[in-house]
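Chains as they are written, first to last, in our numbering: chain A, 1 to 320; chain B, 321 to 602.
There could be a bad hint or two in this list.
To be verified - Covered by chain B, per the in silico footprint, the following chain A stretches (three or more residues, Cβ under 8 Å): (1) 20–26; (2) 40–52; (3) 81–89; (4) 211–222; (5) 266–276; (6) 288–299.
Stated by the list, open to error - Here are the computed lysine-lysine pairs in the DSS-like style, where the Cα-Cα straight-line distance is at most 25 Å: (7) A/18 with B/328; (8) A/18 with B/497; (9) B/511 with B/497; (10) B/328 with A/217.
If you're looking for bench data, these hints aren't it; they were derived computationally from the structure. The structure displayed is predicted, hence computed values, not measured ones. Quick reminder that beta carbons are idealized off the backbone N, C-alpha and C, glycines included.
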Amino acid sequence: MSATATASVLTRRSSTVKGDEIAHLVTLAFGATVVLITVLLVWNLWGASAASRSKFGIGFLWGTNWDPNAADFGALPFIYGTVMTSLMALAISVPLGVGAAIFLAEMAPPGLSSACTFLVELLAAVPSVIYGMLAIFTVVPMMREYIEPALKGAFGYLPQFQGPMLGVGYLTAAVVLAIMTFPYIIAISREALLDVPHDQREAALALGATRWETTFKVVVPYARLGILGSIFLGLARALGETMAITMVIGNDSTLHASWFAPGYTIAAVLANEFAEATGKMYTGALVELGLVLFLVTIVINALARLLVLATTRKGSAKAA
Amino acid sequence: MNRLTFRKIVNNVMLTATGLCTLLTVSILFVILGYLIYNGGKSLDWGFFTKLPLPPGEDGGGMANAIVGSAEMVGLAALIGLPIGFLGGLYLAEFSGKFLGFAIRYTADLLNGVPSIVIGIFAWALVVVPMHSFSALAGAIALAIMLIPISMRTTEQFLSTVPNALREGALALGAPKWKVLATVIVPAAMKGILTGMILGVARVAGETAPLLFTALNNQFWPRGIAQPAASLPVMIYTHAIAPYDDWHRQAWAAGLVLLAMVLATNIAARWILSRGISVQKG
Chain A
1 MSATATASVL TRRSSTVKGD EIAHLVTLAF GATVVLITVL LVWNLWGASA ASRSKFGIGF
61 LWGTNWDPNA ADFGALPFIY GTVMTSLMAL AISVPLGVGA AIFLAEMAPP GLSSACTFLV
121 ELLAAVPSVI YGMLAIFTVV PMMREYIEPA LKGAFGYLPQ FQGPMLGVGY LTAAVVLAIM
181 TFPYIIAISR EALLDVPHDQ REAALALGAT RWETTFKVVV PYARLGILGS IFLGLARALG
241 ETMAITMVIG NDSTLHASWF APGYTIAAVL ANEFAEATGK MYTGALVELG LVLFLVTIVI
301 NALARLLVLA TTRKGSAKAA
Chain B
321 MNRLTFRKIV NNVMLTATGL CTLLTVSILF VILGYLIYNG GKSLDWGFFT KLPLPPGEDG
381 GGMANAIVGS AEMVGLAALI GLPIGFLGGL YLAEFSGKFL GFAIRYTADL LNGVPSIVIG
441 IFAWALVVVP MHSFSALAGA IALAIMLIPI SMRTTEQFLS TVPNALREGA LALGAPKWKV
501 LATVIVPAAM KGILTGMILG VARVAGETAP LLFTALNNQF WPRGIAQPAA SLPVMIYTHA
561 IAPYDDWHRQ AWAAGLVLLA MVLATNIAAR WILSRGISVQ KG
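Taking the hints into account, I'd like the entire structure generated from these sequences.
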């Protein structure tokens, strides 16, 4: 091979490598935007909440007073409302959602299972403001007229079930949230259940277990990490849910023991007050609430993703 | 009672219970649809698409400005967010190393999980504060930020379904990697990517929370992207919580329009995807 030919091959090769490197760097720059956005987001929220952070310190988290006129702000009523409604929602949606996932993964014929899964995924696509509007006109009157009086009659001796029944409040918000978290729990739990190897089921059935025993004692424990991941994802959704909650929780920034009482969540107070907030302190306190919400959902999401990741890794390792 | 009979009874009871769970959760969609079609259908008329909103007490009116405002903001968000997401997804699928790939993928998933109201605060601090005004631009940027991680992961997902034989074949012919991507891999995955992106756009089109204090609201026609703008979801919110019956009727009509758009997009996209995948397998 002559020297010039070698040189031309070399330059051609280096030019292709150069093109690839440019493509690599350009796409990397765009990929890195998510990291940039996340960093900017934290930095912005941190900066915009400076006034409130320096005045109230860490005590902001358990301050119970929220008085914009006196510029005195505490986050506890909102944190309590957010955590309470989310946990109550999960108490409703986890048994129903996991039950439905078991049916879809284990019992239903494939056609029915995929049709139902499709409908459940459509439920996830319904905008939150539509859930909120429907809740105002259906769930709220239903809670006021039937469910809350029934609960009061049955458990009225507990402080959670006392007080006026307005229809709007923690319990109503929890019911709406439960409906909104079904799709996540059902879809991801179903996939975790479907990933369980068939040998496991066959072995249990061969030992004489009934179908329910096979499912509950063998399949569900095998898929527990994935199911737990779906619950965490549902929880993260519930904590950050804004519109539907804002429309049914009643918007009252005082603490109540009763589950019938109107309350507030972090997301709801942001939706209601942020656009009208004036002054550095008021805005700062609201932004700090947003920062708290952000940190909590990030931690829960991170856990959920790791759980889902762990199960898929385990599943693929077993299959190989 | 015999132990076996007891176990069989438990079996049947629990299996029926899981069936009931499914019935209950799935039937919610039909309840939503039925109620919205009933109420929205009664209130929806041609004026809804052509007229401006009226003050409470005056019959008629529409939400034409909100439809235009939504289209404007969602379109602008798609123009900003989709290309960034697409190129980022290209990186994740084709160029990323182990560590950077994991870091970006994980951050995208976390960003996707950030509550939309927090994204709203971010867009407020980023655009509204420096510009000293609520604006359609701020709303569009909030929606674009939500769209970036969605479209990034979608692009990656569909690029990774392209068989490696295609890559190897093109590379073996001597084409550089960027050319292989531009002429072989991306076109092969384009249908899936576009469908996924349309799903993402449909999702942000229904978002209310990030618009509340970025685009705010407006009772009139949108006047440029530096001004506050109305959007369909925010209009539904303000009209549904107001105590006026004629506003409720408008809210039902708007809800029906929004839900019909979102569901139609989703059903069409899934139909295309399911067909596309079966063709690829065959």
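Comparing the hints with the structure gives:
no., hint, result
1, 20–26, "holds (count 5)"
2, 40–52, "holds (count 6)"
3, 81–89, "violated (count 0)"
4, 211–222, "holds (count 4)"
5, 266–276, "holds (count 5)"
6, 288–299, "holds (count 5)"
7, A/18 with B/328, "69 Å, violated"
8, A/18 with B/497, "10 Å, holds"
9, B/511 with B/497, "21 Å, holds"
10, B/328 with A/217, "15 Å, holds"
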